[in-house]
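In case you want the letters, here they are:
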Amino acid sequence: MKKDIQKRKRWDAIFALCGMVALMIGVLTFTALFVDMALDGFGRLSWEFFTNYPSRRPGQAGILSAWVGSTLVMLTTAFFAVPLGVAAGVYLEEYASKNWVTDIIEINITNLAGVPSIVYGLLGLGLFVYQFGLGQSILAAGLTLALLILPVVIVATREAIRSIPQVIREGSYALGATQWQTVRYHILPYSSAGILTGIIIGMARAIGETAPIITIGALTFIAFLPPSPVQSEPPFLSFDWLMSPFTVMPIQMFNWTSRPEAAFHANAAAAGFVLVAMTLAMNGLAIWLRYRLRRNLKW
Amino acid sequence: MSAVPGQPTLIESAIPAERLARRRTRVVRERLIELALFFAALVSVFTTVGIVYILVKESVVFFREVPLVKFLTDTQWTPLFDDAHFGIIVLLSGTLTSSFVALAIAIPLGTIIAIYLSEFAPFRLREIAKPFLELLGGVPTIVYGYFALLFVTPLLQRIYPELPGFNLLSAGIVMGIMIIPYVSSISEDAMRAVPMSLREGSYAMGATRFQTAVKVVVPAAFSGIASAYILGISRAVGETMILAVAAGMQPNLTFNPLEPAATITAFIVQVALGDLPHGSIGYQTIFAAGLTLLLFTLACNVAGHLLRKRFREAY
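These protein sequence lines map, in sequence, to chains A and B. Read in order, the letters of the first sequence are residues 918 to 1216 in our numbering. Read in order, the letters of the second sequence are residues 835 to 1149 in our numbering.
Mixed in with the good hints there might be a few duds.
Unchecked claim - Label-pair restraints from in silico Cβ distances: (1) A:N1016 to B:V886: 20 to 28 Å; (2) B:V886 to A:Q1096: 30 to 38 Å; (3) B:Y1037 to A:T1095: 47 to 55 Å; (4) B:P1111 to A:H1103: 52 to 60 Å.
No wet-lab data here; the hints were simulated from the structure. Glycine residues also receive a C-beta, built at the ideal position from the N, C-alpha and C atoms.
Construct the complete structure from the given sequences, taking the supplied hints into account.
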């Protein structure tokens, strides 16, 4: 009997150890990944790396067209995904009545979240590039990524809104506010931090997505910049860049990784380092925001 | 108290008429806003319709050229050669083998981490480990691809020198590591949702933490854990960049992870990188491959839904 208990306690300790080890494997792999990449790429990180175009000579190649392309694609993505996602989330939480249309929308969003990203790329290729005739442009890429992160934004918006207690709405209605006034002046401000968290996580995902952008046919070698959005003569703003060919950071990294020369691998590591630093910063910001939110929010 | 928009009302005094007009515009505005929000919500439905429409439209043209039986039974995949063969099994073998390797790593490790964090770990450790695992899930997959090709493969070659530079094994291993956070995070949430009273009952009977975890908590949280596994599977099947970088892109009918092979996703990337004319059979092939992938992940989602329903324990 006593031996039996001891045996069980031993198993308990063994499992606790296994858990620690498993957790450490996760943590250590991540550290190894990051350190390895940092060591390989650190020598290439310099001001010139950010201001040079890609080149046949690895020593002179840079990521200028890639980071400019990424920034412009992200702007386009945010322009479409944020209003649409927040509006859809508000509708589903505040307006939608419980009927079959709402059910279809909800099931649909759950399913979309499970669709592989490359399938969105095929959607972008068939629909935006050819059907709408947008070509392999920044606009087509931005729209594709916007659809990809839409479920993330919608789900985050809904969760943020759901945590607002009913009394807030009742108070607003009691003062004679309409439904939109309630949403505009109470629901949206109180859920803004939660919504922001979702938007940041969605954007961090979009910035690292490679497969859908390759699928819509983005070029891997671009040695020019899209036309500038700001111009010297009126009307000062130009939207020609939306239709411009482009490349993005992950594609640049993919291109360098697939080359056989080791010198390009250092470039890939440096680009990867920048990419990881960017996504980690964004995700870290989101996690920190959520943490602060949880601590400060006491209804 | 409801005003009918657009209908003239017969009220003489100026102030009420003005008020009524204001209320009328307000009602109209409220309706318009609701309609706009509704259309925003419909965009997600349009996305699904768009995906199905595009994939089916191009696949129909493809299957007019290539009979479905050939597509399912041919053992060669050479769509861009003169002697074209379209056997999806070749690509499916790569997808299944790499997914199997990935899941063989992600499911045991992910489950152990989830059990440990939920039942064993001190509060502080859990508070640090969870966000850290979430961060891991946010790393772009191309970075994992770099890691597989230039770190894991050389490492494995030191142990097993005959390993080719491109292989499914290292891609699968790294894919598994990438999936661990998804599996552990969702499983842990499911286990934490199991009420404390069940654990207390088990401890009161003299069970150890390990016995409680395995015999009480895991069965009670099984529906959530199952959906974590399903999510892991659909992640593995749909993963693209790690395989495109580290597993090579040659079609190869094999179930041996030590060989290089193309997956469905890697094939799509390979074609997209080339310069295929719009409307050619090669162009349509990627939509047929994409449709296969979508059906596969859809089947996973449905299976997950059924599992959740079948094993749902309500407290």
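Structure-based check of each hint:
A beta carbon spacing of about 23 Å between N1016 of chain A and V886 of chain B agrees with the range 20 to 28 Å that was offered as a hint. In this structure the supplied range 30 to 38 Å holds for V886 of chain B paired with Q1096 of chain A, their Cβ-Cβ distance being about 34 Å. At roughly 54 Å, the beta-carbon separation of Y1037 of chain B and T1095 of chain A lies within the given 47 to 55 Å, and the hint holds. Take P1111 of chain B and H1103 of chain A: their Cβ atoms lie about 55 Å apart, and the range 52 to 60 Å holds.
The earlier numbered hints are all upheld by this structure, with none contradicted.
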